[in-house]
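**Q** Going letter by letter, the sequence shown gives residues 1 to 46 in the working numbering.
The set of hints was computed from the structure by calculation and includes no laboratory data.
A couple of the hints might just be wrong.
As the list claims (entries may be wrong) - Pairs of lysine to aspartate or glutamate, EDC-like flavour, derived with a Cα cap of 20 Å:
id, residue 1, residue 2
1, LYS35, GLU20
2, LYS39, GLU13
3, LYS35, GLU13
4, LYS35, GLU24
5, LYS7, GLU20
6, LYS39, GLU21
7, LYS39, GLU20
8, LYS35, GLU21
9, LYS39, GLU24
10, LYS7, GLU21
11, LYS7, GLU24
What the hints assert, rightly or not - If you anchor each label on the Cβ, the simulated ranges turn out as follows:
id, residue 1, residue 2, range
12, ASN41, MET5, 28 to 34 Å
13, ASN40, MET5, 27 to 33 Å
14, PHE31, MET5, 16 to 22 Å
15, LYS39, ARG8, 27 to 33 Å
16, ALA28, GLN6, 17 to 23 Å
17, ASN40, GLU20, 18 to 24 Å
18, PHE10, LYS39, 17 to 23 Å
19, ASN38, LYS7, 26 to 32 Å
20, LYS39, MET5, 23 to 29 Å
21, LEU19, ASN41, 28 to 34 Å
None of the values given here were measured: they were computed from a predicted structure.
We put the beta carbon where it would ideally sit given N, CA and C, even for glycine.
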Amino acid sequence: MINHMQKRYFCFECGTNVLEEKMENRIAGWFGICKRCNKNNIYLVD
């Protein structure tokens, strides 16, 4: 049985709602950056 009560977060980078386990950085309890966007936004610091 699928649990439909899983908390979803809004990723402000890609604009999608993702499940809690797919979020990398959560802000304010309901939005943040998902793991996929976080991987795409790796900045190199010299």
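**Q** For this structure, which hints from the list above don't hold up?
**A** Hints 15, 19 and 21 not satisfied by this model.
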